[in-house]
Every structure is written in C-alpha cells, then in structure tokens.
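Fit chain B to the supplied structure of chain A, relying on the hints for placement.
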Amino acid sequence: KAGVTQTPRYLIKTRGQQVTLSCSPISGHRSVSWYQQTPGQGLQFLFEYFSETQRNKGNFPGRFSGRQFSNSRSEMNVSTLELGDSALYLCASTPDAPRNTEAFFGQGTRLTVV
Amino acid sequence: KNEVEQSPQNLTAQEGEFITINCSYSVGISALHWLQQHPGGGIVSLFMLSSGKKKHGRLIATINIQEKHSSLHITASHPRDSAVYICAAVNTGNQFYFGTGTSLTVIP
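Sequence order for the protein chains is A and B.
So for the first sequence, my numbering puts the first residue at 1; every next one is plus one.
So for the second sequence, my numbering puts the first residue at 115; every next one is plus one.
If we strip away everything but chain A, and leave its shape as in the complex, we get (with noise of 0.2 Å):
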C-alpha cells in the first residue's frame, strides 16, 4: 500500500506570492490533516479535511486555506506569503477521524520564502 505523499517536497517563494501544497493520503483514507512546523512554534495544526468537508481549523489567519477533493487528495494554499510562514508542511491521513486511529505521515513540504 502506497504511503502518504507530499509535492513538491521543497519549494522556494518570494514574499508575496502564493503557493499550493498537494498532499494524496493512503488509498481508502477519508481524513486529512495538515500542520506546520517551524523551530520556534513546534508542531501546530492547521486544519482537517474529512469527505471534501473542512471539519476542524486551527489558530491560523485566512491567508490559510486549504480543500479536498472527491478521490480524499487535499491541497493547501497560503496565500501573500511572508517570510514568517517558511516551514514545513505536514499532512497525515486516516480513515476516519484522527482521534480514532494512527496516523499517517507524508515526508513533508519544506517551503522557504525569501
């Protein structure tokens, strides 16, 4: 069974721009959770996609978004970026709800705005 992946795995972008993140979960998966990452902050989650619906969001501004699709694969978009959002991107997948089962990890997208 294919794991959890992530593209692009490293992207560099100017402050301003926008960029898009694609996360494709484990085959049969239904939910999908993103989380940042930086050095500072640690682990923090961004929100969760379960059957094309966001059901949870994270502390994060509206710059933030993300959506999912009918075959469970998700995207995320920041939007005017800044240089305080350079991290790394996270997504984990599950069957259902992540309170209920493991979670699945993609390698990540590292994202540095210059």
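Don't take every hint at face value.
As the list claims (entries may be wrong) - Which residues of chain A face chain B? A few of them, derived with a C-beta cut under 8 Å, are:
hint: 1; residue: G42
hint: 2; residue: E48
hint: 3; residue: R55
hint: 4; residue: N56
hint: 5; residue: F60
hint: 6; residue: L88
hint: 7; residue: L90
hint: 8; residue: E102
hint: 9; residue: F105
hint: 10; residue: Q107
hint: 11; residue: G108
If you're looking for bench data, these hints aren't it; they were derived computationally from the structure.
We put the beta carbon where it would ideally sit given N, CA and C, even for glycine.
Showing chain B alone in chain A's frame:
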C-alpha cells in the same frame, strides 16, 4: 501555557538504558498520539492511546486519563532510537495539540 507539556526537552542516554519521556496535558482528550520524527522531517506514528497501555517491541506507552498524563518508555535503547519524540493530544473535535518534543540521543 501550552496545552501539552513534555519532559525532558533533551535526553542523552547510553545504549541499553531504559528511557522514559513524559507528557502532561490540560485539555479534555479522546486520544493521545506518540510520534517519532527523524532528521529530515519524516514523522512516524508510534502509538494511539485512549486508555491503559500499549506495547510495540521495545516501546511501551501508557496513559492515565484521570491524571492527564502519558509516558513513553524505551527499553534497551539503541542508537537508532535517536530521534525527536512528540506527544499529541486530540480532543473530541479532532483538534490536535502538540508537545514541543523530546530530542533523544542514544550513544553507543
């Protein structure tokens, strides 16, 4: 104050030692996850606990719901156990709260 507190932040052990990492949380949870992160960023889920104790090989995780406390134990530690260990509490709304992580180094 963080909803999830981990200790210690850094830990150095000799190969073969018994290791304990602690996690305390202040939110109501439906589950607690223990995660392992190696250099390079990849995260692996070690355990998902809602009560009691689980064991996988040399790793043991326990949780005390009343005391809002969980521990991760590594028996007979090995240099390949060197990684960052993170606990994450999940509430009934699927909201994750992460600890700051424990960086473990096991010396041969």
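* Asked: What hints, given by number in increasing order, does this structure fail?
  -> 5
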